[in-house]
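Colleague: Residue numbers (our numbering), protein chains in the order written: chain A, 1 to 289; chain B, 1 to 362.
In short, the hints are calculated from the structure, not lab data.
Ideal Cβ positions, reconstructed from N, Cα and C, are used throughout, including at glycine.
Hints should not be assumed to be uniformly reliable.
[What the hints assert, rightly or not] Heads up, simulated DSS-like pairs for lysine-lysine below, C-alpha to C-alpha not over 30 Å straight-line:
#1 B:K235 to A:K162
#2 B:K2 to B:K91
#3 B:K91 to A:K253
#4 B:K2 to B:K201
#5 A:K288 to A:K253
#6 A:K162 to A:K253
#7 B:K2 to B:K193
#8 A:K153 to A:K136
#9 A:K41 to A:K2
#10 B:K214 to B:K201
#11 B:K297 to A:K288
#12 A:K222 to A:K171
#13 A:K231 to A:K288
#14 A:K41 to B:K127
#15 B:K13 to B:K201
#16 A:K253 to B:K214
#17 B:K193 to B:K13
#18 A:K222 to B:K235
#19 B:K214 to A:K231
#20 A:K222 to B:K297
#21 B:K73 to B:K235
#22 B:K297 to B:K235
#23 B:K73 to B:K91
#24 A:K288 to A:K171
[To be verified] Quick list of the computed label-pair ranges, beta carbon to beta carbon:
#25 A:E127 to B:N128: 30 to 40 Å
#26 A:E70 to B:T217: 31 to 41 Å
#27 A:G254 to B:Y58: 23 to 33 Å
#28 B:C247 to A:E70: 32 to 42 Å
#29 B:A9 to A:S101: 35 to 45 Å
#30 B:L71 to A:E250: 27 to 37 Å
#31 B:M72 to A:L92: 40 to 50 Å
#32 A:E63 to B:Y57: 11 to 21 Å
#33 A:Y9 to B:Y58: 25 to 35 Å
#34 B:I199 to A:T60: 31 to 41 Å
#35 B:F74 to A:K171: 54 to 64 Å
#36 A:E285 to B:E75: 46 to 56 Å
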Amino acid sequence: MKALWLCRYDPVSSSLFDLAGSLGQFELVVVQHLFMTDTAKYAHVILPTTAFGEERVSFTSTERRIQLAEQMVEPSPGLTPAWEQIVRVAGLMGADWDYPSAAAVMEEIGEVVPFYGGASYENLSREYGRQWPCTKDQPLGTRFLFSEDNGRKPFKFIPVPKPAPAPASSKDFPLTLVCGSSLYYWNQNVLIRHSEALRREYSILLIDYPEGFVELNPEDAKGLGVRDGHKVRIYAEAASAVSTARVTAEVRKGTVFVPYFEHDLERQILGERRDGSALVPVRVEREKA
Amino acid sequence: MKARILDRADVLKIVDLLRQQGYEVVAPFYGRGRDTFFDTVTDQNRDRIQIHLPNPYYPPKRFVFPHIERLMKFERSDGQIHIEPVYEQPKRAIFGIRSCDLAGIYHLDRFYLGREFRDVYYENHRKNLFLVNVVCSDVDRDINDECFCVCTDTGPAARDHFDLQLMDLGSEFMAVAGTPAGEALFADPIFRKGEAAHIEKRHAILDELRKRFKTTTSWFSATVRYVTQGDILEKTWEEIGNRCLECGGCTYVCPACTCFTVSDRPIGPNEFERVRVWDACALSGFTRMAGGHNPRKAVHDRRNRRFFRKLAHFFIQRELAMACVGCGRCAAVCHGDIGMPSVVEMIRRATGEVDKHERASH
Ligand code: SF4
Ligand code: SF4
Chain A
1 MKALWLCRYD PVSSSLFDLA GSLGQFELVV VQHLFMTDTA KYAHVILPTT
51 AFGEERVSFT STERRIQLAE QMVEPSPGLT PAWEQIVRVA GLMGADWDYP
101 SAAAVMEEIG EVVPFYGGAS YENLSREYGR QWPCTKDQPL GTRFLFSEDN
151 GRKPFKFIPV PKPAPAPASS KDFPLTLVCG SSLYYWNQNV LIRHSEALRR
201 EYSILLIDYP EGFVELNPED AKGLGVRDGH KVRIYAEAAS AVSTARVTAE
251 VRKGTVFVPY FEHDLERQIL GERRDGSALV PVRVEREKA
Chain B
1 MKARILDRAD VLKIVDLLRQ QGYEVVAPFY GRGRDTFFDT VTDQNRDRIQ
51 IHLPNPYYPP KRFVFPHIER LMKFERSDGQ IHIEPVYEQP KRAIFGIRSC
101 DLAGIYHLDR FYLGREFRDV YYENHRKNLF LVNVVCSDVD RDINDECFCV
151 CTDTGPAARD HFDLQLMDLG SEFMAVAGTP AGEALFADPI FRKGEAAHIE
201 KRHAILDELR KRFKTTTSWF SATVRYVTQG DILEKTWEEI GNRCLECGGC
251 TYVCPACTCF TVSDRPIGPN EFERVRVWDA CALSGFTRMA GGHNPRKAVH
301 DRRNRRFFRK LAHFFIQREL AMACVGCGRC AAVCHGDIGM PSVVEMIRRA
351 TGEVDKHERA SH
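If we strip away everything but chain A, and leave its shape as in the complex, we get:
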């Protein structure tokens, strides 16, 4: 592999590993984005794109809803939509891609992806978009994917037992380490950094805990003799790491919560397991300065 083309994607800020180093292996890195992201700093070519509201474009949400966003404002001079940049580069490379608009791209998607067959811009511009499957026969889309009345097999619900405590929950490792997202940290935080109020909320966390933090329930903290702002060491079976305690009733007793942006800590504790979804039994001790 010689070249990498990243469309509105910022893996350098979101990855647990040294992606910046891996990007160095490529002869060409192209980044299309709204902002100068951490990844864009390693790119050979940066193509600044238009934002939501500056172009007519569709989105599909996790709810399967395909929505059309209309252009409401003129983009700043020099910015073009991401799809148009791809078409122009393809043209320069000799391909004959003839799309006059994003609607034409959508039409082609409808031809090759059967369940988008009815999702023309014209159709999407009514109501709050359509949920796929949205076909020529079913242009209003499908509200429930596995309902009995659309002839498909309905979902079968099975009760899930209460999650067992982390496997080796023992005297040595009585707490469970949970990794997850944080209220003011969303995906790669590119957008939050550009929103005044949210950015403030996020920066306050960093002002209060400049080296990051893990969250402990007040009862657990009391038992450990740990107060808010104290340095703590977290021991897992094979590794340990230091962080600052944020003592808050927002986390349950018995758990230690590691917010998403604590990359170093995650890396140290999770080691090779590193998918961030594992529950790890740990022990916490106050780290004497």
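Starting from the known structure of chain A, fit chain B with the ligands onto it as the hints suggest.
Modeller: Below, chain B with the ligands alone, put in the same frame as chain A:
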């Protein structure tokens, strides 16, 4: 107040008249589904202006108190810093503002202009603002499930604070002037004198309307007393706070919320701007002090702040009204269902229990 009658077909001519007088006119339009919004009227969209429609969630308060507003610019050059204040002074008319939102603007007037220090930025937006109120008389389109202006005494027909008020009487509209500027419009031949029958019809419609409000009610007076006297149990505030996800949505949609924060940010290599941005008491950064201490650290300690500010007697006395105008927006947007009507209900129930308990122990 003077009133006139005009034909239904002539209603939008009021927009034309205002535009001819040099006003930027904003009016409500339909988006998709339930979505509605205020937008600037142009020759292209003029015929799509709606008289009856669900009130937009994004309140027209932004025309006097913008979501983000530049206050000043700083420029660094030759080792000096130049500061230039930036004032916007539009000549604007809001056509179709609902009675609740009108009361909201009056509330902002009291807050920003009613005391010792007048807010120049607000004043500049407000100075040349012309308000055309439309009475919510279409039970299906104007009055939403969450509306409760009858409980806050702000609607469905405002009694003052407008320049002109329009009410749909069927094939005709009644126009009421609230200011000399509004009355001046009556010189146009689209307006004619009304008769006693028109007034009767207005009363009949309003009497009927009051009965047609939907499911939401808010029994404020007991809650105002409990909030003012500090009678609400910590446990009740905790229950309310536990349902708050700290999204700030209730504040961002509220036509009567006044809070903002100020922030500086770069706009060029040697240029900065100072902006003020809507802020919300649900967010913890709102009350956090510079040294790191937050007197309202727990969510419920911040959540009750909203209701103290809106309902406590001290503030009612200062602004001459509660800081809730019954628009129902917070009830529509809150994920935790702790909009104003639900909170009033929760407080009333919880405190009723306490009363009962106290009576029993005496
Ligand atoms: S809308 Fe509801 S959840 Fe959001 S801040 Fe307001 S009270 Fe909290
Ligand atoms: S508190 Fe809620 S109902 Fe009252 S004015 Fe504000 S948004 Fe409307």
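Colleague: Now tell me, hint by hint, if it's right for this structure.
Modeller: Structure-based check of each hint:
1. B:K235 to A:K162: holds (28 Å)
2. B:K2 to B:K91: holds (24 Å)
3. B:K91 to A:K253: violated (58 Å)
4. B:K2 to B:K201: holds (17 Å)
5. A:K288 to A:K253: holds (23 Å)
6. A:K162 to A:K253: Given that 30 Å is the threshold and the Cα spacing comes to 16 Å, the pair holds.
7. B:K2 to B:K193: Status holds; Cα separation ~10 Å.
8. A:K153 to A:K136: holds (22 Å)
9. A:K41 to A:K2: holds (18 Å)
10. B:K214 to B:K201: holds (22 Å)
11. B:K297 to A:K288: holds (27 Å)
12. A:K222 to A:K171: Holds, at about 17 Å.
13. A:K231 to A:K288: Holds, at roughly 7 Å.
14. A:K41 to B:K127: Not satisfied, since the Cα-Cα distance of roughly 47 Å exceeds 30 Å.
15. B:K13 to B:K201: holds (23 Å)
16. A:K253 to B:K214: Status violated; Cα separation ~44 Å.
17. B:K193 to B:K13: Roughly 17 Å separates the two Cα atoms, so the pair holds.
18. A:K222 to B:K235: The given pair, whose Cα atoms are some 23 Å apart, holds under the 30 Å limit.
19. B:K214 to A:K231: Since the Cα atoms of K214 of chain B and K231 of chain A sit roughly 55 Å apart, the hinted pair is violated (cutoff 30 Å).
20. A:K222 to B:K297: holds (19 Å)
21. B:K73 to B:K235: violated (47 Å)
22. B:K297 to B:K235: holds (16 Å)
23. B:K73 to B:K91: Cα-Cα ~23 Å, so holds.
24. A:K288 to A:K171: holds (22 Å)
25. A:E127 to B:N128: 30 to 40 Å: holds (38 Å)
26. A:E70 to B:T217: 31 to 41 Å: With Cβ atoms ~38 Å apart, the hint holds.
27. A:G254 to B:Y58: 23 to 33 Å: Violated: the Cβ-Cβ distance is about 43 Å, outside 23 to 33 Å.
28. B:C247 to A:E70: 32 to 42 Å: violated (25 Å)
29. B:A9 to A:S101: 35 to 45 Å: holds (38 Å)
30. B:L71 to A:E250: 27 to 37 Å: holds (35 Å)
31. B:M72 to A:L92: 40 to 50 Å: Roughly 45 Å apart at Cβ, these two residues keep to the hinted range, so it holds.
32. A:E63 to B:Y57: 11 to 21 Å: holds (20 Å)
33. A:Y9 to B:Y58: 25 to 35 Å: Holds - the Cβ-Cβ distance for Y9 of chain A and Y58 of chain B, about 31 Å, lies within 25 to 35 Å.
34. B:I199 to A:T60: 31 to 41 Å: Distance hint for I199 of chain B, T60 of chain A is violated at roughly 55 Å.
35. B:F74 to A:K171: 54 to 64 Å: holds (60 Å)
36. A:E285 to B:E75: 46 to 56 Å: At roughly 53 Å between Cβ atoms, E75 of chain B and E285 of chain A fall inside 46 to 56 Å, so the hint holds.
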